[in-house]
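Build out the structure end to end from the sequences listed, making use of the hints.
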Amino acid sequence: MLQIKLFAKAREVVGRSVAEIPWLDGQTVLQLKQVLAEKYPGLQPMISRLLVAVNNDYAADDAAIKTGDEVACFPPVSGG
Amino acid sequence: MLQIKLFAKAREVVGRSVAEIPWLDGQTVLQLKQVLAEKYPGLQPMISRLLVAVNNDYAADDAAIKTGDEVACFPPVSGG
Amino acid sequence: MIELTHVPIDYHALTESVRSSQSGAVVLFLGTVREMTEGRRTVALDYEGYPQMAETKLAELEAQARSKWPIDRVGIIHRLGRLELGDISVAIAVSCPHRKQAFDAGQFLIDELKGSVPIWKQENWDDGTTEWVHPV
Amino acid sequence: MIELTHVPIDYHALTESVRSSQSGAVVLFLGTVREMTEGRRTVALDYEGYPQMAETKLAELEAQARSKWPIDRVGIIHRLGRLELGDISVAIAVSCPHRKQAFDAGQFLIDELKGSVPIWKQENWDDGTTEWVHPV
Numbered sequence: 565m566l567q568i569k570l571f572a573k574a575r576e577v578v579g580r581s582v583a584e585i586p587w588l589d590g591q592t593v594l595q596l597k598q599v600l601a602e603k604y605p606g607l608q609p610m611i612s613r614l615l616v617a618v619n620n621d622y623a624a625d626d627a628a629i630k631t632g633d634e635v636a637c638f639p640p641v642s643g644g
Numbered sequence: 565m566l567q568i569k570l571f572a573k574a575r576e577v578v579g580r581s582v583a584e585i586p587w588l589d590g591q592t593v594l595q596l597k598q599v600l601a602e603k604y605p606g607l608q609p610m611i612s613r614l615l616v617a618v619n620n621d622y623a624a625d626d627a628a629i630k631t632g633d634e635v636a637c638f639p640p641v642s643g644g
Numbered sequence: 563m564i565e566l567t568h569v570p571i572d573y574h575a576l577t578e579s580v581r582s583s584q585s586g587a588v589v590l591f592l593g594t595v596r597e598m599t600e601g602r603r604t605v606a607l608d609y610e611g612y613p614q615m616a617e618t619k620l621a622e623l624e625a626q627a628r629s630k631w632p633i634d635r636v637g638i639i640h641r642l643g644r645l646e647l648g649d650i651s652v653a654i655a656v657s658c659p660h661r662k663q664a665f666d667a668g669q670f671l672i673d674e675l676k677g678s679v680p681i682w683k684q685e686n687w688d689d690g691t692t693e694w695v696h697p698v
Numbered sequence: 563m564i565e566l567t568h569v570p571i572d573y574h575a576l577t578e579s580v581r582s583s584q585s586g587a588v589v590l591f592l593g594t595v596r597e598m599t600e601g602r603r604t605v606a607l608d609y610e611g612y613p614q615m616a617e618t619k620l621a622e623l624e625a626q627a628r629s630k631w632p633i634d635r636v637g638i639i640h641r642l643g644r645l646e647l648g649d650i651s652v653a654i655a656v657s658c659p660h661r662k663q664a665f666d667a668g669q670f671l672i673d674e675l676k677g678s679v680p681i682w683k684q685e686n687w688d689d690g691t692t693e694w695v696h697p698v
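Chains as they are written, first to last, in our numbering: chain B, 565 to 644; chain C, 565 to 644; chain W, 563 to 698; chain V, 563 to 698.
Check before you lean on any hint, since a few could be wrong.
Derived lysine to aspartate or glutamate pairs resembling EDC-like cross-links, with alpha carbons at most 20 Å apart [stated by the list, open to error]:
#1 W/K630 - W/D666
#2 W/K662 - V/E674
#3 W/K662 - V/E597
#4 W/K662 - V/E600
#5 W/K662 - V/D608
#6 C/K569 - V/D608
#7 W/K676 - V/D666
Don't read these hints as lab results, they were simulated from the structure.
The structure is reproduced here in structure tokens:
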């Protein structure tokens, strides 16, 4: 299983701040987004804008994720 | 007579903060600089850099000065 | 000094912490909650952050800025939680030998912060609706 | 607010005076007495001003800046007299709706102040000599 921290509108539409999904090491960021959007349809309208961070850094769609990584998923940032 | 306020190095080399010189209305800023440099030789090395203000604004060499104007003479500014 | 906080930002202490006789220039930037945005009236903003990553990214930004300008000291504080009109959401203070360096570094830090640090804000409009802010 | 003073500058009060919920950005610039200049060590600076004209010129600068940027509030304080290492010689605070405006206006004000406001400084070097500073 992989735990995914959710923030801002992603957290809001999912209704919780941590999601948990089955995971095979080597699956990619893009696959994570697809699995999340399937499980939580509220994410679908924002899927093209969703960002994924792995171990506190932004990760590209083709980056691989392994269980134990710290993973987060959120919309574009708007702080300041 | 015309009173001229002096600041910074101009004040220092003249040795006083106000100079007084005979004046005919209509004489110019350039003439003022020449009269000052003649009366106070310490000003001569800096005469090309001296600035003159008339009534709280910078005045060009060909501007006329009349008695009663507030006149000041000083080197380029260096505040901040 | 990099900090996320839920209490009002003490920008005076932050500014004092970057002053130094090695530097001739200090620039402080404050982001504050503005009432009007494109004709709509805000009553409050809610800021949410991803703290560990935000601190990591802020430290990276500091390192990037130090590689570009001869920064003496720098401090960044971002507030999280509910902010009212006029409240300070972010404070960035930087000291450098000369003024242009300090202005450029300060502007770089706030521009980059808005682009890469995982913090989000939600508008609370005066008609009672809320809306997550999309970056421009 | 434009002021010349012989006492330490309270930049915190100055910054508070420009904060406003109409503005999303505040930029504060502080000029401070730096110890080293091109390898020489300063122990103090003496600032001399021509007060009436300096206040007139500062008011003109404020008007120029307001014609270029949508400035909400602005405050400028310049100190005169003997300043020690690290002391603040000038503080400029400006608030604007958006950050780039505030940075640009703040930088304009300090650049122009240094070019046109009748204030002069004299270096007191650590070898006991003094020297009027020439603008660069």
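Right, here's what the structure says about each hint:
| no. | hint | result |
| --- | --- | --- |
| 1 | W/K630 - W/D666 | 10 Å, holds |
| 2 | W/K662 - V/E674 | 13 Å, holds |
| 3 | W/K662 - V/E597 | 18 Å, holds |
| 4 | W/K662 - V/E600 | 17 Å, holds |
| 5 | W/K662 - V/D608 | 23 Å, violated |
| 6 | C/K569 - V/D608 | 19 Å, holds |
| 7 | W/K676 - V/D666 | 18 Å, holds |
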